[in-house]
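Sequences and hints are given; from them, build the entire structure.
Protein chains in written order, with this note's numbering: chain A, 117 to 392; chain B, 46 to 515.
For the record, the hints were derived by calculation from the structure and aren't laboratory data. Just so it is clear, CB atoms sit at the ideal spot from N, CA and C, and this is done for glycine as well. There could be a bad hint or two in this list.
Footprint (simulated), chain A over chain B, 3 or more residues, beta carbon under 8 Å [unchecked claim]:
| hint | region |
| --- | --- |
| 1 | 218-226 |
| 2 | 259-273 |
| 3 | 360-369 |
Take a look at the letters that make up each chain.
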Amino acid sequence: MFKIVRREEMSGGTVVLNEIEAPLIARKAKPGQFVIIKANETGERVPLTMADTDPVKGTITLIYMVVGKSTALFKTLKVGEGYQDIIGPLGKPTHLENVGTAVCVGGGTGIAVLHPITRGLKQAGNKVISIIGARSKNILILEDQMRAVSDELHVCTDDGSYGHHGFVTEVLKTVLDKNKVGLVVGIGPVPMMKFVSKITKDYGVKTLVSLNPIMIDGTGMCGGCRVTVGGKTQFACVDGPEFDGHLVDFDELTLRLQAYCEDEKECYNNFCTLKA
Amino acid sequence: MAEKPEKKEKTPRQPMPEQEPKARARNFEEVPYGYGPEAAVKEAERCLQCKNPACVDGCPVAVDIPGFINLIKQGEFARSISKIWEKNSLPAVCGRVCPQEMQCEGRCIIGKKGEPVAIGNLERFAADFARKSGECELPTLAQPTGKRVAVVGSGPAGLTVAGDLILKGHQVTIYEAFHKPGGVLVYGIPEFRLPKEIVFSEVAALENMGVKLELNQVIGRTITVEELFAEGFDAVFLGVGAGLPRFLNVPGENLIGIYSANEYLTRSNLMKAYRFPEYDTPIIKGRKVITLGAGNVAMDAARTALRLGAESSSIVYRRSREEVPARAAEVHHAEEEGVQFHFLTAPVKFLGNEKGRLTGMVGLKMALGEPDDSGRRRPVEIKGSEFEMECDLAIIAVGANANPLLTRSTEGLQLNKWGYIVADEATGKTSRKAVWAGGDIVTGSATVILAMGAGRKAADSIHDYLVRGW
Ligand SMILES: Cc1cc2nc3c(=O)[nH]c(=O)nc-3n(C[C@H](O)[C@H](O)[C@H](O)COP(=O)(O)OP(=O)(O)OC[C@H]3O[C@@H](n4cnc5c(N)ncnc54)[C@H](O)[C@@H]3O)c2cc1C
Ligand SMILES: Cc1cc2nc3c(=O)[nH]c(=O)nc-3n(C[C@H](O)[C@H](O)[C@H](O)COP(=O)(O)OP(=O)(O)OC[C@H]3O[C@@H](n4cnc5c(N)ncnc54)[C@H](O)[C@@H]3O)c2cc1C
Ligand code: SF4
Ligand code: SF4
Ligand code: FES
Chain A
117 MFKIVRREEM SGGTVVLNEI EAPLIARKAK PGQFVIIKAN ETGERVPLTM ADTDPVKGTI
177 TLIYMVVGKS TALFKTLKVG EGYQDIIGPL GKPTHLENVG TAVCVGGGTG IAVLHPITRG
237 LKQAGNKVIS IIGARSKNIL ILEDQMRAVS DELHVCTDDG SYGHHGFVTE VLKTVLDKNK
297 VGLVVGIGPV PMMKFVSKIT KDYGVKTLVS LNPIMIDGTG MCGGCRVTVG GKTQFACVDG
357 PEFDGHLVDF DELTLRLQAY CEDEKECYNN FCTLKA
Chain B
46 MAEKPEKKEK TPRQPMPEQE PKARARNFEE VPYGYGPEAA VKEAERCLQC KNPACVDGCP
106 VAVDIPGFIN LIKQGEFARS ISKIWEKNSL PAVCGRVCPQ EMQCEGRCII GKKGEPVAIG
166 NLERFAADFA RKSGECELPT LAQPTGKRVA VVGSGPAGLT VAGDLILKGH QVTIYEAFHK
226 PGGVLVYGIP EFRLPKEIVF SEVAALENMG VKLELNQVIG RTITVEELFA EGFDAVFLGV
286 GAGLPRFLNV PGENLIGIYS ANEYLTRSNL MKAYRFPEYD TPIIKGRKVI TLGAGNVAMD
346 AARTALRLGA ESSSIVYRRS REEVPARAAE VHHAEEEGVQ FHFLTAPVKF LGNEKGRLTG
406 MVGLKMALGE PDDSGRRRPV EIKGSEFEME CDLAIIAVGA NANPLLTRST EGLQLNKWGY
466 IVADEATGKT SRKAVWAGGD IVTGSATVIL AMGAGRKAAD SIHDYLVRGW
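Given below as structure tokens:
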């Protein structure tokens, strides 16, 4: 068993942080990589990015949004309990280099994935401008942590309850107008990554996005995670999960993420009825 | 002499009792029930006990076939399994999944005139008897040598290496990427053909003998081969299988409702999606299902689709019936269950709706042309013969390639132009010192027994190295 040593709730309980004992993975993991995690015998294999790792303590930190049966099940696990299986580190690490000025754009739980990359870009000597957003102030996560690793931090909320009233993409434009930017990293919901990529394409700035297609094995064995990038099929678990945002077919990804909607609802409802 | 076979041939080959096709096409229980002792003895009596048994030449690991059959004939069931174990450590598996008609049974002398001895069924009988009765001697381990071997992958190749080397007194640890051991035996071959309980009991027997099993360890990611040596392993065996799905590269292949056979079978077998929502992993069930390809993998997929409730399940194959590579028994079972076969048909593209879901496939009729390199007659397109087939699930089962995850992260391994590991055929030695390889990662997709045969040779060579040097 992989034991949970620390647990926090964020975003009014819709987002949960688990720090978990997984020494072999903690020793190896680099920013941008993910694990596959399975709670129990009947559980699904769920991919989650490592928001942090501590090779000395031998722990990894995962931050996940509760969206369906599996993540709802994860939420019920307490400190001292744990997961039956964790596999990793998987995927290619982010290529961290000094490009001068880098802009990190994060939305929702994407901020958790963005945080270690932001820190890595800062450590690589970049000037880092970060733009993070959420629907509303009370569900914004990791603001302090992002501020600590950024030279400049912009916060946006869709409802205007905090920071800039509007989308991260609006702030991104003004930042791109004012600065000579070498790289944009955009991680969040698919529509957000799509629009970030659209804008940066107009500005001609290289852009990385982190894709989250449905996965099973995470080792290139099943092809379930295939995405179209530059007209070619790629397996996100081994060729990614990060890709050039200007080449990604976001519309196909959006559709493919809906593959099991009906089944997932059934599974989730069963789980909630059982719990109640 | 000439009369003898005639006389014996009077007993017909004992039929395998099986579930009714109609009923079994809707459940995941094993299809054949297996022989009872009476049928087994009767079948064993059909064997002529040849002095130069051709059947043994047909078996890649040279099981002493007349030997074990003779023991069944005498009712010595426990001893018969020990005889098989001398050459084959997974007989319950091989009896079920070997392509016997191309191997042992294909060479059986009786088969020249009538039906060959049911060697596979008898092997399965002996193994199942031993497992159920517990009546058999565990082999004894040799004196500990203090040497440590890491086996990467727990498919038939890896399990064979582990079993052989633990017997020879070495310490063995198996590293497996998945959360369950068994390789294709567990994630690929369905329950109705090979109950998983059988595989797990074989693995448990290895663990009882002292083999250590480390699951969830992706070698090349979690730990590298370099680190295995640094940790003190004296030798490493790579048995990671093929494990990279081939797609067709036709338009529309990323529509929802198109799976690689690996994904479809992994969801169903390993993740138990056929028991959704008791198990959490979903699977697209499909009403009208098309499977592309005609190997064992395709048969497994097409038959799984029926069991998941499909109204129709069709095999679409570019070549003709003669070229079908699947085991004869699987084709026969599939037909009995109602799988339809469309030969000489190639996929051109897939059609979808506005939600990105599969609605149909455009196929093209083929005709047989001149034989190609493999001696099979090459299918050629018939121009203008495009037609549409309705489907809401398509499974691509046109083969696998070498998965590069491990080979790319390991230095000094010579690969061939398709990315498979180059290993000496007789010993399994790779270009890197103290590293052996065998099974599908060397030969490309083959069979369980060939993977085991390669494992056996590698184990002998590893033992030799550990006691004598490279
Ligand atoms: C490489 C990668 C990294 C990810 N990192 C994070 C992260 O750090 N934090 C986070 O909150 N989420 C992350 N996700 C998404 C997360 O995996 C899904 O939210 C989770 O699987 C949902 O499972 P569920 O059963 O709770 O919900 P479900 O009800 O099963 O699904 C809700 C939605 O999640 C998606 N989903 C379902 N199953 C999978 C699956 N096996 N793989 C991927 N997506 C799936 C589908 O779009 C689905 O409609 C990541 C996904 C990938 C591929
Ligand atoms: C659906 C299907 C049906 C089949 N039917 C038959 C049949 O009826 N008869 C027959 O004889 N053959 C059949 N075969 C073929 C047969 O199963 C294979 O030839 C055989 O399993 C190959 O054995 P292997 O040990 O080389 O590899 P595999 O069985 O593929 O096992 C390899 C193992 O290594 C693990 N692995 C991979 N990479 C890593 C890594 N980096 N680190 C750790 N572990 C790793 C994998 O997860 C897997 O468990 C079938 C194959 C399939 C897919
Ligand atoms: S291992 Fe396979 S080929 Fe050999 S005797 Fe048994 S069934 Fe036949
Ligand atoms: S060839 Fe046939 S008859 Fe002869 S020993 Fe083998 S199984 Fe028996
Ligand atoms: S998750 Fe199976 S290939 Fe990527």
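Checked hints:
| no. | hint | result |
| --- | --- | --- |
| 1 | 218-226 | holds (count 3) |
| 2 | 259-273 | holds (count 7) |
| 3 | 360-369 | violated (count 0) |
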